[in-house]
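Asks: Chains as they are written, first to last, in the working numbering: chain A, 27 to 314; chain B, 27 to 314; chain C, 27 to 314; chain D, 27 to 314.
I should point out that these hints are in silico values taken from the structure, not numbers from a laboratory.
Hints are supplied without guarantee of correctness; some may be wrong.
[Stated by the list, open to error] Below are the BS3-like pairs computed for lysine-lysine, each with C-alpha atoms no more than 27 Å apart in a straight line:
#1 K282(C) with K282(A)
#2 K302(C) with K309(A)
#3 K282(B) with K309(C)
#4 K309(C) with K273(A)
#5 K277(B) with K307(A)
#6 K273(C) with K126(B)
#7 K309(C) with K277(D)
#8 K309(B) with K273(C)
#9 K282(D) with K282(B)
#10 K309(B) with K233(A)
#11 K104(B) with K302(B)
#12 K282(C) with K117(B)
#13 K302(A) with K273(C)
#14 K31(D) with K126(A)
#15 K297(B) with K277(C)
#16 K307(D) with K282(C)
#17 K277(A) with K307(B)
#18 K126(B) with K297(C)
#19 K307(D) with K273(C)
Values in this document were obtained by computation on a predicted structure and should not be read as measured data.
Number of protein chains: 4
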Amino acid sequence: MAKNKQTAILLIHCPDKQGILAAVTNFINVNKGNVLYLDQHVDYEQNTFFMRIEWDLADFIIPRDKIEEYFFTLFGQKYDMNFNLYFSDVKPRMALFVSKMSHCLFDILSRYSMGELNVEIPFIVSNHSDLEWIGEKFGIPFHVFPITKENKKEQEEKEMALMRENNIDFIVLARYMQIISEDMIKEYPNKIINIHHSFLPAFIGAKPYHAAYERGVKIIGATSHYVTTELDAGPIIEQDVVRVTHKDTVKSFIHKGQDLEKIVLSRAVEKHIDRKVLAFKNKTVVFS
Amino acid sequence: MAKNKQTAILLIHCPDKQGILAAVTNFINVNKGNVLYLDQHVDYEQNTFFMRIEWDLADFIIPRDKIEEYFFTLFGQKYDMNFNLYFSDVKPRMALFVSKMSHCLFDILSRYSMGELNVEIPFIVSNHSDLEWIGEKFGIPFHVFPITKENKKEQEEKEMALMRENNIDFIVLARYMQIISEDMIKEYPNKIINIHHSFLPAFIGAKPYHAAYERGVKIIGATSHYVTTELDAGPIIEQDVVRVTHKDTVKSFIHKGQDLEKIVLSRAVEKHIDRKVLAFKNKTVVFS
Amino acid sequence: MAKNKQTAILLIHCPDKQGILAAVTNFINVNKGNVLYLDQHVDYEQNTFFMRIEWDLADFIIPRDKIEEYFFTLFGQKYDMNFNLYFSDVKPRMALFVSKMSHCLFDILSRYSMGELNVEIPFIVSNHSDLEWIGEKFGIPFHVFPITKENKKEQEEKEMALMRENNIDFIVLARYMQIISEDMIKEYPNKIINIHHSFLPAFIGAKPYHAAYERGVKIIGATSHYVTTELDAGPIIEQDVVRVTHKDTVKSFIHKGQDLEKIVLSRAVEKHIDRKVLAFKNKTVVFS
Amino acid sequence: MAKNKQTAILLIHCPDKQGILAAVTNFINVNKGNVLYLDQHVDYEQNTFFMRIEWDLADFIIPRDKIEEYFFTLFGQKYDMNFNLYFSDVKPRMALFVSKMSHCLFDILSRYSMGELNVEIPFIVSNHSDLEWIGEKFGIPFHVFPITKENKKEQEEKEMALMRENNIDFIVLARYMQIISEDMIKEYPNKIINIHHSFLPAFIGAKPYHAAYERGVKIIGATSHYVTTELDAGPIIEQDVVRVTHKDTVKSFIHKGQDLEKIVLSRAVEKHIDRKVLAFKNKTVVFS
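One chain only, chain A, in its complex shape (with noise of 0.2 Å):
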């Protein structure tokens, strides 16, 4: 949405008063700013208020830069709250890691290369260079870092120098095979997106599929969430699923999977560049 107009977008969360929700819209009314987008939730058992807002720049008479000052003057710390300001002009910067497997790399770059997604991607970082040649294909640098028991730190620390110098603001795990380190997720809290190929919380680590097949099920999924501290435990994002039949094997679970785990990475994906996922207390508020 709007994306020809210059638009400021604030993501709210904090503890719920009566107020909050008209002395904000009556903030941006006031000055100008015509609203493009406005959704809000209560959560009544957290006793908690989100939101988020998005106005058009054009005649808002509070410069661009003070913007995020006023507000926090005005409202921040009146409710106590946790508040994000972007631009839409802005392009969140984003990491690509991926292992040996295409089909989330392809989907992302295809829409990447058409221009759908409002990011910049400066490169992919893989621990094998099978898909190197994906990345060339789609003209973006692509780093190989192998990664063993012993060099992983040192792995990672490169990683993450490579991501400082390049003002990475998040980073997609498009089926990277390795477990982040506590290091790395300390540096990108509520900033690194996994695809699980399994319907969390069932099937949590290694090879769920095979698990899936072992256990019978009749239904498969594929979950998108943030990564913490505790594997594939963190905050869910997006979850698609689709049926399976006793005449599927552990190969068709996974063929089925892919297209499953592919569109929810990138549903999941593009709802974080938009601005529109908000996490808190290990869950999230996806705004439509």
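Got chain A sorted already, so can you dock chains B, C and D onto it with the hints?
Replies: Chains B, C and D alone, transformed into the frame defined by chain A:
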């Protein structure tokens, strides 16, 4: 299918060998059985052959009460078959177990009262009297066996006695909130159908909707399975799912889930009644 | 939500202008109404604002019988609003129309008899007596109005008289197999809920399962919508689908479809009862 | 399945008679063909038998180039069969037609470039040059045939000449925005696979997302079908759907729909390549 015809149904599984399918279909054909339904499946990993065949008995030259013997002699022993023979005009007898929630009970009884299920339901069993009025509405005897830690063994023995007296073939746990003890499970192997209110194997045990809500899933499910001695781990017959969002609460999880539960359970019960489910090594083959 | 509290609900739509949302929420807040639910939507194409707000009346300082007047005076005229005010403790009154099929009727009555629907069902109307026994089971008066080409107008007038006497607010056609005439539709605009046994707008009119089978579709559906004078063309409230294959027959289409129909209709009816549906220009806004 | 083995595949349909299945499986068995896949279906309404059988050629005693003749002589004429024989090591040759939208093209080429499709794609055809760069990325010749009302016949003849030269077996219209003329359809009966961006038969023709938006549907779909001379009315191979709400716009319909389209088309194309689709009287049998 074939509601008004007298038909025979064979459910077979055995080690896969060349020629079984041809042999069996040929046997029906040459003896003038008109095949009305045929489906087969080979699990190449387990090297196991599965088959369901149904034929019209009108012109079949082998007397009805001799079919089992002939089939065993000619094929059963030769192919090391595990087979069951059923007749469409012999209705299986089903015991219905409930506790306090009515949605699955109503769903089954509304189908039953319309003559949609080829089954006899001689009675309902419950550990509470809350739903007794529903039994009365539908004219089905309702037996209350209150269960405490102390009397559980004794009460189950009474339930089993009641079932034996009534020649019960299989049991449906329509949200019966008691763990079935090993004795009953052993007396009804792959003949107790449960509905679990989660997408198994996620959220085994009590309060799965609460657990799903805590985990922040984006899809919830329901699973119908045969009861084995391991809790919620028996062969899955049917599963289905529905989307949830951050706007949902535990209460709306339960509400959405109940619509799933009743449909999933009824589908599983119908498949079982129609002799279309074959349990094998903790999985099911569910014929179409 | 808020089952035990006395709440007020406002459903609003009007031309979109800056500040409406802030004005309305502020009005509730300053008059000590505790907001329990708020959802809004702007259709930028139609330049139309939609809103549902529900608040606790416990401390609200405007007397209940004055709220409508105050709201109209302060906001209704100013913003050119189309609004409706409801109170959670005033149950809408619903007439249930059926013909010969029982699945939707059973589904609604089983919910109703458990107290799950915040509604009164004073009677059932049918053009056949086939399902009279179900009305009796549930203790609800069942009125039979046999309909022929000749007597249709006359019979519908009797039905309308009965509805007026009973202060009926809305009508649910639970597989009522008669076309409703214009007079009745005009008396109940966007207040007659139908279930059509196809994925509209595919297969309008009679025998949609037969038509779907002929066409060889791989998915079938059901659609609940408000009745307008154009057949099967009114605002859609809810739809759902289920997969079919070449193994399905017209009979199994009907069987699978009936499970869809009853769930889709019940969801639509619940949304309507909970005042969460807003019909506008042949579409609906369905709040969560 | 059986990717590394040399296998033969038979697709058969004929009037249903007793003993066909036994005869065919017996024929494979006695001639030492190891059956790897067998599925059959009887349409009792049409009295038609359908079958797909695949077997390992390693020990098969009939020479590969004689199988067709033997099968016709022994069974084909006797049972009035319509049958096709394929060999797994003979890749079908596919022409890919596109216009300006890339999502389906990317999805097919990413699978193809990973060796997932048992097919040859000698070239891409388009009426526009917009996607030529994608052909180049993947190293596949890209032929542009601009089409106007005046030159349509002539250009299609050139396309057909190109296809004949390249021994094209079937055509995939990956969002090709031109109506195929009768001549081409007749040359490729049930061999042109289209993706239509609606849940057919709803919204036939141009701009189905706009029409779906206008109608206010709550679910949108995509349909892959064989092209016949009647627009969007050919045998359906695969369909899928996704939910939409009042918050969606035409733009988001298109966005959500594109993810459906590419997966639905790729599934249909894979089924066709794997010889698992049998078109019969404007419907398909799609084997698992």
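Asks: Each of the hints needs a verdict: does it hold here or not?
Replies: Verification of the supplied hints:
1. K282(C) with K282(A): holds, 24 Å
2. K302(C) with K309(A): Holds, at roughly 26 Å.
3. K282(B) with K309(C): Measuring from Cα to Cα gives roughly 24 Å; hence the hint holds.
4. K309(C) with K273(A): violated, 42 Å
5. K277(B) with K307(A): holds, 20 Å
6. K273(C) with K126(B): violated, 38 Å
7. K309(C) with K277(D): Holds, because 17 Å separates the two Cα atoms, which is no more than 27 Å.
8. K309(B) with K273(C): Holds: K309(B) and K273(C) sit about 23 Å apart, inside 27 Å.
9. K282(D) with K282(B): With a Cα-Cα distance of about 24 Å, the restraint between K282(D) and K282(B) holds, given a limit of 27 Å.
10. K309(B) with K233(A): With Cα atoms ~19 Å apart, K309(B) and K233(A) stay inside 27 Å; holds.
11. K104(B) with K302(B): holds, 24 Å
12. K282(C) with K117(B): It holds: about 22 Å lies between the C-alpha atoms, which stays within 27 Å.
13. K302(A) with K273(C): Not satisfied, since the Cα-Cα distance of roughly 43 Å exceeds 27 Å.
14. K31(D) with K126(A): The hint holds at about 25 Å.
15. K297(B) with K277(C): holds, 15 Å
16. K307(D) with K282(C): holds, 24 Å
17. K277(A) with K307(B): holds, 20 Å
18. K126(B) with K297(C): Holds, at about 25 Å.
19. K307(D) with K273(C): holds, 15 Å
The structure is inconsistent with the numbered hints 4, 6, 13, although it conforms to all the rest.
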